[in-house]
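Visitor: Read off the chains here:
Protein chains: 2
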Amino acid sequence: MDLMLFVAIGSIIALSFAFVLFNKVRSHSEGTEQMIKIANAIRKGASAYLKRQYTGVGVFFAVVFVVLFILSLLGYLNYFVPFAFLTGGFFSAMSGFIGMKTATMANSRTACAAQQGLNKGLRVAFSAGAVMGFVVVGLGLLDLSIWYFFLKFWYTNVEVVRSESLMIQYITSNMLTFGMGASCMALFARVGGGIFTKAADVGADLVGKVEAGIPEDDPRNPAVIADNVGDNVGDVAGMGADLYESYVGSIISTSALAVSAGLGMKGMAVPMLLAALGVIASIFGTFFVKTKEDATQKTLLKSLRLGTYISAGIIAVASYFVINTLLPQYMGVFYAVIAGLVSGVLIGFTTEYFTSDTYNPTKGLSKTSETGSATVIIGGLSLGMSSTVWPVIIVGTAILISFFACGGNVSDALSFNRGLYGIGVAAVGMLSTLGITLATDAYGPIADNAGGIAEMSGLGKEVRDRTDALDSLGNTTAATGKGFAIGSAALTALALIAAYIAEVKNLAPNVQFNLSITNPPVLVGLFIGAMIPFLFAALTMEAVGKAAQSIVLEVRRQFKTIKGLLEGTAEPDYESCVDLCTRSSQKLMILPAVLAVIVPIAVGLILGVNGVAGFLAGTTITGFVLAVMMSNAGGAWDNAKKHIEAGNLGGKGSDCHKAAVVGDTVGDPFKDTSGPAINILIKLTSMVSIVFAGLIVAFHLL
Amino acid sequence: MDLMLFVAIGSIIALSFAFVLFNKVRSHSEGTEQMIKIANAIRKGASAYLKRQYTGVGVFFAVVFVVLFILSLLGYLNYFVPFAFLTGGFFSAMSGFIGMKTATMANSRTACAAQQGLNKGLRVAFSAGAVMGFVVVGLGLLDLSIWYFFLKFWYTNVEVVRSESLMIQYITSNMLTFGMGASCMALFARVGGGIFTKAADVGADLVGKVEAGIPEDDPRNPAVIADNVGDNVGDVAGMGADLYESYVGSIISTSALAVSAGLGMKGMAVPMLLAALGVIASIFGTFFVKTKEDATQKTLLKSLRLGTYISAGIIAVASYFVINTLLPQYMGVFYAVIAGLVSGVLIGFTTEYFTSDTYNPTKGLSKTSETGSATVIIGGLSLGMSSTVWPVIIVGTAILISFFACGGNVSDALSFNRGLYGIGVAAVGMLSTLGITLATDAYGPIADNAGGIAEMSGLGKEVRDRTDALDSLGNTTAATGKGFAIGSAALTALALIAAYIAEVKNLAPNVQFNLSITNPPVLVGLFIGAMIPFLFAALTMEAVGKAAQSIVLEVRRQFKTIKGLLEGTAEPDYESCVDLCTRSSQKLMILPAVLAVIVPIAVGLILGVNGVAGFLAGTTITGFVLAVMMSNAGGAWDNAKKHIEAGNLGGKGSDCHKAAVVGDTVGDPFKDTSGPAINILIKLTSMVSIVFAGLIVAFHLL
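Chains as they are written, first to last, in my numbering: chain A, 2 to 703; chain B, 2 to 703.
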């Protein structure tokens, strides 16, 4: 029997479970008429945004498709590549779309359920988050299965390939290219959504909270709906597309290494089976996420964690049997899975330590507000910079353990590749429980939206308190999720670099590789690679700044021209803000996204294959450090502000609070736009390099 | 005749010229009694600081000396190493010390000369800056000559070495280790001085300007003398030690590559001779630095630039003849010199473009102040990040040109090393005109101090205007100088990595090198290397924050307890502020400095020689990008604030100005502490790795 049938089954289970959860969430009441009205406005805004985004991205995909098609006609690419590219993009977009649909359906229902109690609210929000988690996982496995069976059929019946290893090589190298489609879509979703959400947030805060002095989520603020829409298009749809890409990227890049590692069809199947098993483990874990009515933030977090840990434990045990059955001579692969799982958890811990105000770093950061906003900024930047130490050590250790446990050895090509395969397996291990980790991550913005709806609909204070409890927890789980995403990105990137080298060797066995760091093209590649994440962060931050600027002007205009708005007798024009955010984020996401695609090709054309490898390594290492720094600094600034708002250091409205707000505003694009986008950048550059390897081998200057 | 005699002669010429200039500057009048009094206070503070710093650093040097001595007894090091280490530290300290002495002698004299006119002021300040420039160059060449002749004598007469190439190898590998002493001293001077100067600056501004509302450099501010002392110990003494280290580091690392490049004694002599010729060229250039009385900032800058360009032109022509005589078969080396010279100038241009308010980036940054301090911070960070693109491209191009022009070829070890030698020559070329570039750089803090003295002594407005014109130009030349220092650091670092590999091969010919970026120890080394500059930046920024905090408290205390202080009837206690800055900067510089020494050793013990090479490459590439980003962001924030103070966007005291001050405060540690310190970090880690290579070869985990 073909082992890959299990993957198809896993996909069906995941999608079915998501469907059941979706209906369960939808069966809840949507609440009062006012709540329905607000929820509809958010839904409408989010749909309008996605519609426009998909139109814009469609144009991009069409252009790239044509380019790829021409290249395939010229023989630089396999003819399946353009189509694989499209499906990757399509499924990634679907992941975001369904996640967003669910989130905008669940927000008012969460607010309504929270009226009955904390646990009820948690269950609705978490179930909705789980829909997204399992959709991402299910669609990922579906795309993998479809292509696998199609390509297998093709190479068995149409274009007959007799050797098994050649067949696997053909299958995996074609599948790799749908990773590029997924990455492109993810980048647009993350960058576009990230610009939208932060522009709306910053715009709403700067004029509403600071200038007009009205509370957060106040219905008089014209940008308030845009702000809520932003949570859905950035933190939900963007994250869904992002993690879809991480998930399939890690699986296919690891599978692609199976041939050069001499592990054959079984080696190819292992990462896929781990992912399929992860579905079952994650479903099991979701049943443990519940809480008591008197839950504190600590016990709430515990209940979310419990689900994740149970899933991870199941995977750890199950993977032992899978590997023992399929690759009994290579039990080191099992240790790679464990290394991946453990390092994911550890990165989550360090992220929490640096960004939660229950620990010293963020407490200390809130104290820097006593000497003004400049010291808050310096404090946050140095906190973020220091926080990179542990993730680097953890990922470094995971790399070494999984490489050497799998018999990695520098002097022999086969065992060397086996070690690299091990590193890929570690990434798959880390992401195998994505179903549930993504659920704990995606529930945050839903709770955030629910809080907004509760506020705007004038529900009781106890309801808002409950949604606040859920929301502030979401900040921690979101930070953990980001640490997780970037950790797996680093490991996957290595597997991708290895896949890139294998791809070049397949295409042109005579190409002379010299990947030594002292080889000038490699070195210059490293330099350029190190610079690109900085440039990318700059472009995305500037984009947020520009978009926010236009929202500020629009909100000011409405306060000035709409009579009775501040008194509550007239309604603001929510739609114009949503529309403005949509238009500016769509316009401003183009440059960074196009850059991410063009730079690796340009580097290849000038520096050749060695330069590309150096470039990818440079982007990976510096991108990793910069992304961790930006995410953690942003998270810490946010929570330092919340710490003050909780009544410390003078509380809301004090000078300390004002200084902390500056930190939080700087942190917004850090943690929700630039940081996560770098994450995708790292993998997209690798994917692009792999797809265009044939072109680079044919044309290069050095 | 031994070619190295020219180096000794160059050293004597440089030191004599410095001596003549010193006396010329001293012959000027020191001004009124009040001016003398203030100048004495600054001098006293600076001397007290340096005394304490040298005591503290002395302890560190003693400890390291003992460690090195024990290692040499155990056979892991050559017996000259501990002594070479000491002399490197000594001469680096001397460079800073003499520079500081000159600067504190020249500040009141500059203020006094500025009473007679702009050109007079410029000549005094520039001559004093030139003293430091030529002392650094002269001492560098002196140390090189002493060790060369001593070692040559030793290996000819005592421990006889018969083969020329073995003799060169012994000589250069011993000389390399005095680079470690110079780097250590430079790091302490830069970090300690950087903390001092910014703590005093920030402390004086936060309480004096912001809280008490008195102008800058007001004698009523208790931290005002500390602020002026800071300019001397940070921007002068720190920079002197720093560039001493860059200078000798680039020369000896290039010379060390001559053997493995098959260029023999002549190849070793070329970088040294270029440096010696640079002395003559720089002296010639200084005579062109003068200006007319009606000079604008533009013409002032032109006159400073003219001197530098003339020197660079002379070196370009002279190097042709030197290389044509010594290495006629390798005229590619000449192109490497040109690549170095040109890229130094180009990096200077891009730095100026991004940090001067005559161009759009900084103008745009000042406009972000309209929406508050958060947008100023985001704007400055993204400006700094974007500004890394050009330096990376310039340095990358210089690397490729000098490598390939010198016949660099990956497939053959000898010509590969020749290419690496070419990269080193590019660094030497860039730094060959250091005498004059350092003069244009060091004159800035002198003019700054002169302005402070003019203000405090109540000299006429026209005097202050003249010193201001000189000072604000100093900001641009300082930024250019920093770009120059970091550019040469990147090129030198590569030569040092190559020297490290050569050193390991000499020590243990059987060591298996695999420097491929896909080799896990190399890769993990790259990750750790990428993280260290971030950690280092964090530690140094935190140090500034902590030190500034203590100054703020002290200044507040004095304003509260000393009666009549604000009214001008009582004198503040300047000394206590100076003392506080001294103590806290000495305490806080220890951790980052020790870290820079210990991490490369720890990485080596765990990851082995391949891991160390990866680590060095990671530190170099990320450190370069981060240092450029921090220096340029800091420079742009400073000038954006000055742009507003010049009357734009509401001018001084407006909301825009307040927002811009926040940016400037954040930028202070960026540009004057962390950024330049990373520069030294890059080279120090390489130097430490080279010195401890024997230990690592003997003991390592992987």
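Please note: incorrect hints may appear among the correct ones.
Identical copies go unnamed one by one, so any copy, or any two together, can satisfy a pair.
Capping the alpha-carbon separation at 27 Å, the derived lysine-lysine pairs in DSS-like fashion look like this [what the hints assert, rightly or not]: (1) K564 with K267; (2) K210 with K659; (3) K364 with K547; (4) K643 with K653.
In case anyone wonders, no lab produced these hints; they're calculated from the structure.
Visitor: Evaluate each hint against the coordinates.
Guide: Now for the hints, and whether the structure bears them out:
no. : hint           : in the structure
1   : K564 with K267 : neither (70 Å within a copy, 84 Å between copies)
2   : K210 with K659 : both (11 Å within a copy, 20 Å between copies)
3   : K364 with K547 : between (32 Å within a copy, 16 Å between copies)
4   : K643 with K653 : within (9 Å within a copy, 33 Å between copies)
When the structure is compared with the earlier hints, a violation turns up for hint 1 alone.
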